[in-house]
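J.: Just so you know, the sequences run in chain order E and S. 152 is the number of the first residue of the first sequence in our numbering; add one for each residue after it. -7 is the number of the first residue of the second sequence in our numbering; add one for each residue after it.
If you're looking for bench data, these hints aren't it; they were derived computationally from the structure. Be aware that a few hints might be false.
[Unchecked claim] Here are the simulated lysine-lysine pairs, DSS-like style, with alpha carbons at most 27 Å apart:
id, chain 1, residue 1, chain 2, residue 2
1, S, Lys530, S, Lys476
2, S, Lys476, S, Lys532
3, E, Lys409, S, Lys415
4, S, Lys532, E, Lys402
Below, each chain spelled out in residue letters.
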Amino acid sequence: MNEAAHAIDPAAVAAAPRPTNVLVVGVGGQGVIMVSKVLARLAQRHDLEIKQSEVHGMAKRGGSVFSHVRFGPQVWAPTIPVGEADVLVALEWAEGLRWLPYVDPERGTFIADTKRIVPPFGCTDRRRGATLAYPGTAVADVVGLVPHAYALDAEGMASELGNPRVANTLLLGVLSTVLDFGVGEWREVLAEFVPAGTVETNLAAIETGRAWALDVAARGVLPLAAAPARAPAVDVPTGAVRLDIEAAWCKGCDICVKFCPELCLRLNAERVVELTDPAACTGCRICEWLCPDLALAVRNVASPAEAPA
Amino acid sequence: MTALAIEHDTPLRAAAAVARPLTGNEAIARGAWEAGVRVAAAYPGTPSTEILESLATYPREDVHAQWSPNEKVALDVAIGASYCGVRALTAAKHVGLNVAADALMSHAYIGAHGGLVLAICDDPGIHSSQTEQDTRYYARLATVPVLEPADAQEALDYTRLAFDLSERFDTPVIVRSTTRLSHTRTVVRLGERHAPPPRGFTEDPNRNVIMPAMARRRRPFILAREQRLAEYFDGATVTRVEPGDAAIGVITVGTAYAYVKEVLPGASVLKLASSYPLARETIRAFCAAHERVFVVEELEPMIETEVRAMGLAVAGKEFFPRAGELSAEIVRDGFVAAGVLAPRPPAPTFDLEPLVRPPVLCAGCPHIGSYFPLRSGEARVTGDIGCYTLAALQPLAAMDTCVSMGSSIGNAVGMALSGAERKPVVATIGDSTFLHGGIPALMDAVYNQASITVLLLDNRTVAMTGGQDHPGTGRTLRGDATHKVDYEALCRAVGVNWIRRVDSYDLAAGRQTLREAMEYDGVAVVISDRPCVLDPVKIKGPPLTVDAAACTACQSCMNLGCPAITWSEETLEGRHKVQIDPAQCIGCAMCLQVCPTDGIGAGMNA
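So that you can see chain E by itself, here it is in the shape it has in the complex:
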């Protein structure tokens, strides 16, 4: 079969009108859905077709949250294809990095809060010298990777307005300089979606975000308000540890076994403490400090070769 005869004309595909694609990402509880609802309402006021897609369930429990907002004369797919987001709005820094491939490489804009929400999963390495598992990617590293980028300490700026929770509205203010809706419309729609007592702060936030974005655009400066601090280097990574047990002094009271954070101690058949898994011992010294009979001691050793037998 002649495959070429069955192909669709690439020009026809390229000529199809594309909707405006805005991807909003963050962490559960940050207000991702509020931001996307405001956008959808703005588009609805212009009688545009809208698709706004999100996923509930597991994602709510502190995981990543995202919402695809597409609007235009005609919208088909509910989700934005990779590389087709006109704007990526990130309410959290690492979440923004995660979705960066969605930004249109020719005309896309990346708007990010530099706020870092460290998940407990980032603090799980118990070894000495362990560092936080959170991307060290700095704002300056990203600015050159996308056509347009705005990175700001939105939460810090929102705190100055008296309420750190309006950080997402501040980002909406930046977004308002990128999309074609009128300033008044943003203010009207926002007022519909925020709690009655916070309307004034939210309107101030949208103004602050807008002014900041217009200012950096006018002055042509690097669009950064603040860079997230890198985690400082950790002190004394002192090599390996070894747990010495003086078996004759152990009376089998079980205290160390019950308090060991790594669950790597047990009483043997003679009710004398023993280390079940030397690799799991982090040398935290809880057993050493709690033992009423001084039967356990953590020693620093120079190399793993000296670590326990």
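Got chain E sorted already, so can you dock chain S onto it with the hints?
T.: Structure of chain S alone, referenced to chain E:
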């Protein structure tokens, strides 16, 4: 068959209809309300939960909307209403239909006196489920039609149509949604409510009572019904050919239609409303008119297999995957692989450090306290479906198994009686899951004298799906006060003699009580008692703080997996000390209990 007033296939709306942004689930609820649904029942399950929540916002005098303890009960309630000649709806996630399947199979024979619609939401991509399964197999298995809307407008229209078809063809009808449709909001034109008058119960044992003789007589009717439905779909306007380039034809259904339209503008498309029964003659004609025909459908090759069996040459799953959710990119890649579209230049890649951010239990979640005593590994712990399944992950790592709703207790009985498990066996199950499917298994444990411990996690809500009520909360879907299940009395009634209640936050009491329970010879029930911190009210107490001078960086508190506790920048001997995020901390004081150096408290020197 008596002539019924059929609205289907006719314009449902006035020209200047009201338009409103609705999710797919809200549109299904609206469609049901417009169709005059009188009774709706469901058990919550992502992504279907909002259908009933939305229906409960319509006036009480229009529709009775309720939560049932499980999906089978919900479908039976809907069937009961249908027996009385009123329109009824049940909603469930795909795995919920597994639970209700028994009633569906029978009702497919009995038929619908009042229209009966099952709104079933599949979860392609397994965003929040235990399996990825295609509900359309159930339609085929039960010989009932399945409608597959592509967007929220069709979700409304097809739900209305489903009620009409149900009564016209004397069959339950499935409306199949997916996570993407259920949770995508689009502007939907609304219609008016047209409730057909109740027809009342018809006393007809030959029809209403399923027994072998009745079922045998009814079987040929069902097969004839399948044929009549196929003919209906051939002639219905919901089966739609969108003509285009004659070289390429695409047969598609549901949300896959949107992806096809996105990547192949101007292609010739046959958009089906139903993948079963198929509009066979329309498909035959469509295939004859195009040189090359593709079938694009999400999950299983239902249409493709049947079209191939008709002797027609189509391509499908060799280009479009069976596993996972479709997207515009995946459909485009399929057409590129098929030589229909030119390849795109590769997207830029970013060499950035990834961040792992799995879902976690909330700060102060009582499940943390329930599972912390089980971290030691002294027991074999069976798990169940709920937020607490996250306790299987580090750092709690206190759960060995999870199968399906209510399985934990039955699994524990099998383990205890296997003769191959040395550790004491503990079944852990949430309150709603226990009421859903755990009670028969608890009876089994007592009846067969298994020595197990059941840890009942009573957080007084269906937390996983966003905090719905159930028979143990004392409130109905509409928020009315009602009887509240007394778990102690229930357990005693099935023969459990050893029952204790502990505060989920009291870690020492939890450990001691579980130890006693595991030593008890017989079925022991421990009720771990604390409300969910999010629902029905968000709990927030004064936060605790860490005394950095006292913290020895031992990481004992990190073993809780509380998201409010992370590393501070201070270290001791190369390990990070901890800090507590005051915005997240609710003051539950579990970390305070595990701190060996009394370094955590209220108002410590931060």
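J.: Does each hint fit the structure? Answer for all of them.
T.: Do the hints match the structure? See the list:
1. S:Lys530 with S:Lys476: Roughly 21 Å separates the two Cα atoms, so the pair holds.
2. S:Lys476 with S:Lys532: With a Cα-Cα distance of about 26 Å, the restraint between lysine 476 of chain S and lysine 532 of chain S holds, given a limit of 27 Å.
3. E:Lys409 with S:Lys415: Given pair lysine 409 of chain E, lysine 415 of chain S holds - Cα atoms ~18 Å apart, limit 27 Å.
4. S:Lys532 with E:Lys402: violated (44 Å)
Hint 4 from the list above is the single one not met by this structure.
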